[in-house]
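The primary structure of each chain is shown beneath.
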Amino acid sequence: MTPHEIMVTLMVIGVCGSLMLGFPVSFTLAGASMIFGLIGYFFDVFSLSFFGVLPNRIFGVMTNEVLIAVPLFVFMGVMLERSKVAEELLDTMGALFGRMSGGLGISVCVVGALLAASTGIVGATVVTMGLLSLPTMLRRGYNPQLATGVIAASGTLGQIIPPSIVLVVLGDQISNAHQEAQRSLGNWSPDPVSVGDLFAGALIPGLVLVGLYALYTGVVCAVKPSMGPAIPREELTDGEGGSLFNRVLHALVAPAVLIVAVLGSILVGIATPTEAAAVGAMGATLLGGHRLAPDKGLPIYVGVASIVALLVLVGNFDLRVARDVISGVEWAAIWAAAIACVGATWGVLVCLMRVYKDGTLREVNHQTIRISAMVFGIVIGAQLFSLVFRGFGGDDIVHDILVGLPGGTVGAVFVVMLVMFILGFFLDFIEITFVVVPIVAPILLKMDLDPVWLGIMIAVNLQTSFLTPPFGFALFYLRGVAPPEVTTGMIYKGIIPFVAIQVGMLVILAVFPGMATWLPKVIFGS
Amino acid sequence: MRALASLARGIDAINESIGRVIAWLALGMVLIQVVVVIMRYVFGLSVLTMQESIWYMHSIVFLVAAGYTLLHNGHVRVDILYGNVGPIAKAKIDLFGVIFILLPLCVMIWWVSWPYVAAAWAVREGSVEVSGIQGVYLLKSCMLIFAGGLAIQGVSLAIKCWFTLAGIDGGLAGDDGEQEHGL
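In order, the protein sequence lines correspond to chains A and B. Just so you know, my numbering puts 288 at position 288 of the first sequence, and the rest follows in order with no gaps. Just so you know, my numbering puts 127 at position 127 of the second sequence, and the rest follows in order with no gaps.
Footprint (simulated), chain B over chain A, 3 or more residues, beta carbon under 8 Å:
id	region
1	24–37
2	55–63
3	421–428
Keep in mind that the hints were calculated from the coordinates and are not lab data. A virtual CB, placed ideally from N, CA and C, is assigned to each residue, including glycine.
With the rest of the complex left out, here is chain A (with noise of 0.2 Å):
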């Protein structure tokens, strides 16, 4: 071995077993890094240069685009999280589901879509699902095994099904690499990845993933009908708030609204994902003010007719104002749009004030800076693991050992895939993609694949390192609520079967790659 190997070696040892001590990942990672870059260049194999970097990285990371969207889809997650939206999906679907056996693991399966396809928040969906079906579950003499294996994979698919934050990194990620890959095979002006990319191939395989849980849960059942009964029917009241028809409708208009609103303007290619994400978070709010106080619902009504308003009049009118020559009918249009925009922003001032009122806001505003803190940090110290980690010819050794496995790119991809997926049982997916992508995917995409359809390779992996123990931050948060009946050897044992699927997955989408470029060509085209 060359001193580098012996370096990069020790390193990649060394910051993975200081990450196990359990102080702060994203501190770990920058400071090991630091450490053996200092040891190398003790041994004068590393120049500390490379350090020198690092300020410009940081500033690549605030300036970054794509990246601002992370805040605005935590700040629509926390405020959807408080409005109860949960809550009552949750309700509604077991009503709906409850009387087949596995019913209420059904419901939970689509309950975990809707919630991931609206908000996309693991940690807020497992702990809101652990926390209302678990309980009526258990009562309900539910396999605990299956109840939470059911309630921890359903959690995660915030993380695969768009929007989610996961793909908003893993876009950016893949977008760098495949310029970088394209450009080394002499290609100067590829065609670009975009987060909207990914978010379009990763619907299907999505909703694939949902149907895989909903299936699995219905054939124990059916089998076993003692791992999940059906609730007798007459048990099933209509309860308050009219037939079950109509609540089903009502817990799924504010669901449906949003994901339309922030997932159909970026699939459509008008928005940017963190322009919809701003646009969602907004949403999430007039949501959150109404729910406080539903027979106050004027300003919300005014708000929404508005913004519906305005919808209408850009559809049918041109409303530039920069314009040189504008009719007297488009003169009109835009006051006629100019009074919307007074109308939503009183309707969004008054859910404002609602939600500050009631200590939500604070609690929001609270949650998103320490999570937008927390995953920077670690966007930061990545930026560090990555500078040694090229400063000691890393990426070289791993460019030799992908090209030299046996098989070709499906050995390597076979290899990468591995290598993410037991880093999964110890790392979660922010470290993952921008340690582990950065040195992999362009090596990776030099080999001629399709970068969308490893992307949500990579996205299917990474969403199985939260349900793999010791270190899923799904069982975690499961583990957090769960009853002390239910012991961690359950939910551990529990989640076997889903982590299963996930590989079975894994396998379907690498024997069927057009499940993941089908939809982003239709959209976008090329």
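Put chain B on the given structure of chain A with help from the hints.
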């Protein structure tokens, strides 16, 4: 002893009040971005200053609030070991981490950022666009605040850990204990 306790309390108070102010930028980002969207897609207008102000708020949030987040134990940890040990072992891990990882790291970031920030100040670096915000040198200075805010919060954390290890009750509130529900 009492001096150390009040030092830790003072640091906590600084980062707490910074965090409370910065938290409003989360709402600010949402509102300004929505206004930008409406102006752009409805009226065909774009004001570069507003677009750039979102970068500023975003950067300030994650750089300046890093210390505040550490105060609230919001930086995610690998819990395999840390989640299963008592308060004494946790204090040992954190004390070790602050002294051998966090503080050297902050020194290094400060050391490499200083010339970078100083170069920006020397020319009062502004936006690359004429109509943009002419404050890039201020924005870049946030890197120093990042290192500084984390370093002082690290000192406070170290004092608390040491008190825990020495069995002294300095009247210091521990961190929130519970990890954030993260993503």
